[in-house]
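Protein chains in written order, with UniProt numbering: chain A, 1 to 203; chain B, 1 to 203.
Everything labelled a hint here was simulated from the structure, so no lab data went into it. A couple of the hints might just be wrong.
[As the list claims (entries may be wrong)] Cβ-to-Cβ under 10 Å is the rule here; a few derived chain A residues that face chain B:
| no. | residue |
| --- | --- |
| 1 | Val78 |
| 2 | Ala153 |
| 3 | Met160 |
| 4 | Ile182 |
| 5 | Lys189 |
| 6 | Ile194 |
| 7 | Tyr197 |
| 8 | Glu202 |
Yeah, the Cβ is synthetic: ideal placement off N, Cα and C, and Gly gets one too.
2 protein chains.
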Amino acid sequence: MKREKGLLIVLSGPSGVGKGTVCGALREQDTDIKYSVSATTRSPREGEVDGVNYFFKSKEEFERMIREGEMLEHAKYVNNYYGTPRTYVEEMINKGHDVILEIEVQGALQVKESFPEGVFIFLMPPSLHELRNRIEGRGTETGDLIDSRMTVAKEEIDLMDNYDYVVENDKVELAVERIKSIVTAENCKKDRLIHQYKQLAEE
Amino acid sequence: MKREKGLLIVLSGPSGVGKGTVCGALREQDTDIKYSVSATTRSPREGEVDGVNYFFKSKEEFERMIREGEMLEHAKYVNNYYGTPRTYVEEMINKGHDVILEIEVQGALQVKESFPEGVFIFLMPPSLHELRNRIEGRGTETGDLIDSRMTVAKEEIDLMDNYDYVVENDKVELAVERIKSIVTAENCKKDRLIHQYKQLAEE
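Hey, can you work out the whole structure from these sequences and the hints?
Written out as C-alpha cells, the structure reads:
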C-alpha cells in the first residue's frame, strides 16, 4: 500500500561512535531511503558541491533561516553553523519517502520537539556492551579505569533514554542490517497503516 | 548484550491468510526463534509425534489445564480442544529465547491479556491491499462484489486494530523477511534494553 507519508529516521549517538561510517555504508546499499543534506556557513572544501555535500549558506542567510523556523535543528561549531533545513525533509516525507538524518545528540533532541513521530535510533558504542563482561570479572582492568568507564556509560545511558531504538555498532554491517530492519518494521507498524485502511473502507 | 527475557511473538490473522505457510517458511530459515507446540485433544494422525507436532492430551487433562491457568489460549473446534501450554513458552522466554506462536485471532486476543508485552503481528491478505486499486476505478468489478469485499475489509481492519504490526502476505518470502525485521527491530527497542544497562551501571 502506498504510504501517505514517509518516515523521518534520526540516526544519532555519542561523538566518535561511527554515525558517519554506518550512514555511509547504508547509503551504498540499494534502499529507497533518502539522505538529508545539511546546511553550513563554512566554506566549501575542494570538490564539495552545493546541494550535494552541503547547502552552503552565508551567516546572514543561515541566521534568517533559524529565525523563521526553517531549520529542523542547528548548532554552532568553531564559529560555523551547521543545521538541517526543514524544507527538503518535509518534501520527501510528504511524497512518501523515508528520510534519514545523521546528526549529533543535541540536534536529535531538537528534531524530536518538532517531529515526535520520527524514529529515533541511538547508535551505541560496543564499549557499553563489553562493560558487562569487564564488570563481571573476566577483564583485568583496574578500579580507576572501570570507574571512568562507568561514568561514560552512565552519560550514554541518559542520552539513550530519549530514543526509540538502541543499535550497537559492534560491526558496521550488523549495525546497517539492524537499521534496515528497524525501517522495515516501522513501515509495518499498525498505527502507521490503519488510518489509511480505515479511510479506504469509508470511501 | 545477553537479554534477560526473549520476545513472545504472536503471528495471527484472518482464517486462510497463510499463517501456516509463512510460519513454515520462517522455520526453514536459520533463525534463533523457537516455535511453540500446541496441545490438542484430537487423536494423532499417522506420523504425528507427541511433543513435536502437538502435545496430545485427554479431554480431562486439557480441561484441568484450562481450569488451572496452564493454557495461554485455547479454543474448541469440532469437539476438540486446541491450545497453547503456558509452561514451554515461559521457559523459553525466561531463558532469553524469542518464541513465536501461530494462532487464530481469538487466541491472539486471549494471549494479549496475559502477555501485553508480546509482539502482535497481523498477517494481512493482499486483497486488502488490492482494494485501493479496485476502488480507484482501475478494476472492472461490479458494485455488489465491491460491497462484499468492503464488508470483509472492514472486519479485517477491526481485527488489525488489536495488533502492533501489520504484515502483508503478498509473497511468502517478503512476509517472512518483514517478520524477521520486526523481530530484529523489537530486540533493538530502547525500552527493552535500557533497564539492563541501568542495572549494569548501578552495580
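Any hints from earlier that this structure breaks? Give me their numbers in increasing order, please. 1
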